[in-house]
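Asks: Spelled out, the chains give:
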Amino acid sequence: MTADVLTIDDALTQYDPVMGLEVHVELNTKSKMFCGCPTEFGAPPNTQTCPVCLGLPGALPVVNAKAVESAIKIGLALNCEIAEWCRFARKNYFYPDMPKNFQTSQYDEPIAFNGWTEVVVDGETYRIEIERAHMEEDTGKSTHVGGATGRIHGASHSLVDYNRAGIPLIEIVTKTIEVPPAKAAAVARAYVSMLRDLLLSLDVSDVRMDQGSLRCDANVSLKPHGSDVLGTRTETKNVNSFRSVERAITYEITRQAAVLSSGGKILQETRHWHEDTGITTSGREKSDADDYRYFPEPDLVPVAPSREWVEELRATLPEAPSVRRARLQEDWGFTDLEMRDVINGNALEPIVATIELGVTPAAAKKWWLGELARSANESGQDLDALGVGPAEVAEVQKLVDDGTLNDKLARQVFEGLLAGEGTPAEIIEKRGLALVSDDSALLEAIDRAIAANPDVVEKVNSGKPAAAGALIGAVMKDMRGQADAAKVRQLLNEKLGI
Amino acid sequence: MSDLTRKTAAELAELMTSGQASSVEITQAHLDRIAAVDGDVHAFLHVDTEGALAQAKAVDSKRAAGEQLAPLAGVPLALKDVLTQEGVPTTAGSKILEGWKPPYDSTVVKRLKAAGIVILGKTNMDEFAMGSSTENSAYGTTHNPWDLTRIPGGSGGGSSAAISAYEAPLAIGTDTGGSIRQPGAFTGTVGVKPTYGGTSRYGLIALASSLDTPGPCARTTLDAALLHEAIAGYDPMDSTSINQPVPAVVEAARNGDVAGLRIGVVKELGGEGYQPGVEARFHEAVELLTKLGAEVVEVSCPHFEYALPAYYLILPSEASSNLAKFDAMRYGLRVGDDGTNSAETVTSLSREAGFGAEVKRRIILGTHALSSGYYDAYYGQAQKVRTLIARDFASAYEQVDVLVSPATPTTAFAIGDRIDDPIAMYKNDLCTIPSNLAGNAAASFPCGLADEDGLPVGFHVMAPVMRDDLLYTVGAALESALAEQWGGVLMTKAPELEVTR
Numbered sequence: 001m002t003a004d005v006l007t008i009d010d011a012l013t014q015y016d017p018v019m020g021l022e023v024h025v026e027l028n029t030k031s032k033m034f035c036g037c038p039t040e041f042g043a044p045p046n047t048q049t050c051p052v053c054l055g056l057p058g059a060l061p062v063v064n065a066k067a068v069e070s071a072i073k074i075g076l077a078l079n080c081e082i083a084e085w086c087r088f089a090r091k092n093y094f095y096p097d098m099p100k101n102f103q104t105s106q107y108d109e110p111i112a113f114n115g116w117t118e119v120v121v122d123g124e125t126y127r128i129e130i131e132r133a134h135m136e137e138d139t140g141k142s143t144h145v146g147g148a149t150g151r152i153h154g155a156s157h158s159l160v161d162y163n164r165a166g167i168p169l170i171e172i173v174t175k176t177i178e179v180p181p182a183k184a185a186a187v188a189r190a191y192v193s194m195l196r197d198l199l200l201s202l203d204v205s206d207v208r209m210d211q212g213s214l215r216c217d218a219n220v221s222l223k224p225h226g227s228d229v230l231g232t233r234t235e236t237k238n239v240n241s242f243r244s245v246e247r248a249i250t251y252e253i254t255r256q257a258a259v260l261s262s263g264g265k266i267l268q269e270t271r272h273w274h275e276d277t278g279i280t281t282s283g284r285e286k287s288d289a290d291d292y293r294y295f296p297e298p299d300l301v302p303v304a305p306s307r308e309w310v311e312e313l314r315a316t317l318p319e320a321p322s323v324r325r326a327r328l329q330e331d332w333g334f335t336d337l338e339m340r341d342v343i344n345g346n347a348l349e350p351i352v353a354t355i356e357l358g359v360t361p362a363a364a365k366k367w368w369l370g371e372l373a374r375s376a377n378e379s380g381q382d383l384d385a386l387g388v389g390p391a392e393v394a395e396v397q398k399l400v401d402d403g404t405l406n407d408k409l410a411r412q413v414f415e416g417l418l419a420g421e422g423t424p425a426e427i428i429e430k431r432g433l434a435l436v437s438d439d440s441a442l443l444e445a446i447d448r449a450i451a452a453n454p455d456v457v458e459k460v461n462s463g464k465p466a467a468a469g470a471l472i473g474a475v476m477k478d479m480r481g482q483a484d485a486a487k488v489r490q491l492l493n494e495k496l497g498i
Numbered sequence: 001m002s003d004l005t006r007k008t009a010a011e012l013a014e015l016m017t018s019g020q021a022s023s024v025e026i027t028q029a030h031l032d033r034i035a036a037v038d039g040d041v042h043a044f045l046h047v048d049t050e051g052a053l054a055q056a057k058a059v060d061s062k063r064a065a066g067e068q069l070a071p072l073a074g075v076p077l078a079l080k081d082v083l084t085q086e087g088v089p090t091t092a093g094s095k096i097l098e099g100w101k102p103p104y105d106s107t108v109v110k111r112l113k114a115a116g117i118v119i120l121g122k123t124n125m126d127e128f129a130m131g132s133s134t135e136n137s138a139y140g141t142t143h144n145p146w147d148l149t150r151i152p153g154g155s156g157g158g159s160s161a162a163i164s165a166y167e168a169p170l171a172i173g174t175d176t177g178g179s180i181r182q183p184g185a186f187t188g189t190v191g192v193k194p195t196y197g198g199t200s201r202y203g204l205i206a207l208a209s210s211l212d213t214p215g216p217c218a219r220t221t222l223d224a225a226l227l228h229e230a231i232a233g234y235d236p237m238d239s240t241s242i243n244q245p246v247p248a249v250v251e252a253a254r255n256g257d258v259a260g261l262r263i264g265v266v267k268e269l270g271g272e273g274y275q276p277g278v279e280a281r282f283h284e285a286v287e288l289l290t291k292l293g294a295e296v297v298e299v300s301c302p303h304f305e306y307a308l309p310a311y312y313l314i315l316p317s318e319a320s321s322n323l324a325k326f327d328a329m330r331y332g333l334r335v336g337d338d339g340t341n342s343a344e345t346v347t348s349l350s351r352e353a354g355f356g357a358e359v360k361r362r363i364i365l366g367t368h369a370l371s372s373g374y375y376d377a378y379y380g381q382a383q384k385v386r387t388l389i390a391r392d393f394a395s396a397y398e399q400v401d402v403l404v405s406p407a408t409p410t411t412a413f414a415i416g417d418r419i420d421d422p423i424a425m426y427k428n429d430l431c432t433i434p435s436n437l438a439g440n441a442a443a444s445f446p447c448g449l450a451d452e453d454g455l456p457v458g459f460h461v462m463a464p465v466m467r468d469d470l471l472y473t474v475g476a477a478l479e480s481a482l483a484e485q486w487g488g489v490l491m492t493k494a495p496e497l498e499v500t501r
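Sequence lines, in order, name chains G and X.
If you read the first sequence in my numbering, its first letter stands for residue 1, the second for the next number, and so on.
If you read the second sequence in my numbering, its first letter stands for residue 1, the second for the next number, and so on.
Hints may contain errors.
Simulated crosslink set (BS3-like; lysine-lysine; CA at most 27 Å straight-line) [as the list claims (entries may be wrong)]: (1) 62/X - 95/X; (2) 430/G - 366/G; (3) 360/X - 91/G; (4) 459/G - 495/G; (5) 101/X - 57/X; (6) 57/X - 91/G; (7) 408/G - 430/G; (8) 141/G - 101/X; (9) 487/G - 366/G.
These are computed hints drawn from the structure, not numbers from a lab.
Build out the structure end to end from the sequences listed, making use of the hints.
Replies: The structure is reproduced here in structure tokens:
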């Protein structure tokens with residue numbers, strides 16, 4: 001092997017990536033999937049357990065009806081068909097954090113199937129086919145102690161927290177995603193981001209990627225240009241931010257391309273994503289021979305949601321994202337290009353929230369795209385991780401509206417906010433950013449400008465009032481920008497008798 | 001010998017109601033009896049002397065305080081060791097659970113406690129209910145009180161032996177393929193498998209989830225009905241529980257009127273392979289019912305012959321998965337945990353040491369049957385057979401109200417006789433398995449002694465889902481008719497056990 005990875009450009013000149021995404025969503029139900037234990041995140045280990053979720057001998061599961069409701073809502077929002085009758089199945093394999101040594105899941109009878117959704121990347125809309133969305137339970141959480149890496153390899157012992165065991169999960173599985181190769185990773189990111197927004201709007205999950213309530217596994221394989229033969233795929237597990245989805249997929253494309261182009265073979269395996277180093281490493285080898293011995297869960301009865309119930313739930317769904325986008329664009333009066341920038345900047349939801357706080361669409365867009373999205377992009381962060389939200393944006397714009405700040409000063413306030421210097425008021429105070437509203441100071445500056453520019457005054461007096469602009473510029477410069485230009489114009493006009 | 005141990009549960013309840021005996025006296029009498037004979041019988045794995053007496057005392061106090069009590073309050077009972085009872089050792093007859101004390105009560109135990117029924121202890125069984133003789137128990141074989149050299153049946157041999165040895169008037173069993181009815185037949189007692197879903201499985205250590213059914217064991221039909229009523233009914237903790245009123249079993253057991261009842265004799269359950277003495281007693285019982293006014297016809301259930309092979313695919317498949325939880329991580333036996341072995345190795349060593357041969361056989365069988373490439377041929381096909389058997393029942397019940405057959409092809413066999421021949425052992429359950437596959441109600445009632453060996457024969461009655469009352473109608477009619485011949489229930493014919501202590 002010559003190089004560990006190719007550049008993404010080199011990789012894509014030879015190969016087309018093929019992707020499939022499996023997203024696990026922890027539902028926000030109050031109790032677990034099959035028992036009454038609470039689901040609250042962060043409780044002391046093994047305090048939210050009972051005979052059922054510990055898999056004690058004799059204990060039996062009972063399906064959480066609220067979880068079924070959430071599953072149906074997710075299915076409907078992804079344009080899926082909802083099964084009239086479906087069952088749970090047992091997925092049999094041994095692992096110490098799985099209390100029963102089988103996971104109660106759904107196999108060939110998912111609650112929702114055959115759906116689709118859309119994402120927008122660089123103004124282009126990509127349709128993503130949804131194979132299925134099914135219900136299952138989470139496993140416990142293992143912590144491997146005593147090793148250098150926190151992984152099981154090299155650890156002296158492991159601790160298992162069963163609080164997570166039995167938390168309801170929905171697994172959303174896409175069909176194969178084939179988009180223009182250069183867009184693949186960005187489409188994947190946009191898909192996960194879209195799912196997050198969708199799930200939030202449905203109020204079925206907290207969708208906290210940092211807490212693991214939304215986890216993405218990315219299946220990636222490469223096929224040579226023009227080939228119909230699918231390559232061997234790898235499954236990169238637990239990619240836990242939008243940006244990581246894009247990075248991990250890009251990395252896998254470049255890694256697999258390097259292996260293949262040097263004559264190597266891709267191993268079918270799970271891979272671990274390392275956020276810090278930006279690479280994936282080999283995990284467990286996985287083959288199609290893995291046999292989970294699925295069979296219908298005999299401890300549960302089939303789930304048969306009535307059509308009436310499904311239609312009731314459909315009626316409660318929020319507007320579909322594409323319909324909503326079109327409506328918002330029209331309401332806001334944005335051009336297609338402007339709307340595309342908003343979507344690509346992941347700024348749609350923050351702008352909506354900012355407008356709800358009384359800011360005009362144009363101003364909201366100006367700050368979110370011009371300042372915040374740009375900054376997030378430069379620092380490689382997700383927009384919602386910046387620590388500046390709609391409330392701060394609205395506060396700054398209010399200060400602009402009342403003449404305390406102008407746009408230029410407002411930008412400096414944002415700079416301060418991003419640097420964590422405090423509230424807008426504190427930043428204005430600390431940085432001395434407020435506009436000078438004292439007329440006498442302005443009049444003095446006007447006098448200085450008139451004295452320094454007799455030729456301009458001459459032009460104005462000879463009937464060319466437009467020339468006064470140069471004087472306003474001079475005053476603003478004199479005031480180091482901390483003056484309201486409109487106010488300066490008014491005072492100057494009075495002075496010159498225009 | 002205390003008289004109190006010879007009484008039926010109904011009689012004991014009456015003695016307590018009328019103030020002639022206390023629950024403590026009755027409980028102590030049974031504890032004494034256990035101490036006297038269980039060395040030979042070995043029906044019990046654990047006797048909860050303190051717990052039982054405390055429960056009895058509590059019932060007596062409530063009665064003294066004038067509280068309204070359930071019909072069986074204060075009556076002692078033996079509990080099959082497959083049901084959890086909080087704080088009391090529960091092993092399911094396996095080494096892998098040795099020393100485990102469940103932190104919770106099964107629903108059956110909750111209901112027993114609520115009814116004031118005194119739990120004497122846990123009874124022996126084939127490991128994880130896999131077997132027909134108790135020879136697969138990790139804790140030794142139970143002996144049949146009718147003949148101590150013979151097996152008492154299984155898996156619930158301990159429960160049936162306990163009542164036929166007068167160690168308890170009542171017992172709880174669980175029936176997956178005949179584990180209540182076959183021991184009932186072999187010990188001359190009544191064993192009822194309620195409709196699947198009629199009694200809760202919550203806290204029943206699962207063998208095969210789609211087949212397991214807890215039910216009552218007693219020496220009389222009425223006692224069985226009283227216990228049935230105490231434990232049955234909808235349980236929200238068990239998804240497969242049926243949300244309907246409990247059939248009127250006690251009323252049926254008191255009336256026992258079969259006039260006009262249509263009874264179908266299953267053609268396929270008899271003939272070749274059936275012991276002549278078993279067939280003789282069975283047919284006499286059918287004639288007796290005819291004399292009592294029942295209409296008897298022969299009915300064919302053509303798919304019953306496939307029940308046994310289908311059962312031995314479905315049961316191991318479910319069991320292989322149900323038993324996966326025994327991994328030495330959270331409870332039970334742990335072998336090889338010396339700080340160097342991985343969790344995986346400890347699990348493997350613990351299962352190797354903790355499971356017996358029959359359990360391993362069925363885990364391997366089930367794992368294979370569910371494997372990709374074999375699933376359709378084995379598990380899938382077996383489920384189709386199951387559907388066909390259910391249809392056989394459905395069409396039979398269009399013609400008749402209940403079906404009848406011998407409960408077992410033979411009487412109790414000698415200890416060691418079939419332990420090396422699994423197929424011969426499995427054939428014990430030929431008559432009982434179809435009802436488990438279809439989820440119907442079924443029961444075995446004593447119908448006499450076989451001429452060849454003088455051992456009890458069981459009369460098997462099968463009834464539609466949630467018509468458990470019909471079982472008791474037939475059982476009570478038979479019992480009272482035969483009592484006229486015998487001068488009491490069949491158990492009165494049993495030989496006296498030698499009191500060893």
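Asks: Next step is simple, just say for each hint if it's right about the structure.
Replies: To see whether the hints hold, each was checked on the structure:
no., hint, verdict
1, 62/X - 95/X, "39 Å, violated"
2, 430/G - 366/G, "24 Å, holds"
3, 360/X - 91/G, "20 Å, holds"
4, 459/G - 495/G, "15 Å, holds"
5, 101/X - 57/X, "23 Å, holds"
6, 57/X - 91/G, "48 Å, violated"
7, 408/G - 430/G, "16 Å, holds"
8, 141/G - 101/X, "25 Å, holds"
9, 487/G - 366/G, "23 Å, holds"
Violated hints, in rising order: 1 and 6; the structure is consistent with all others.
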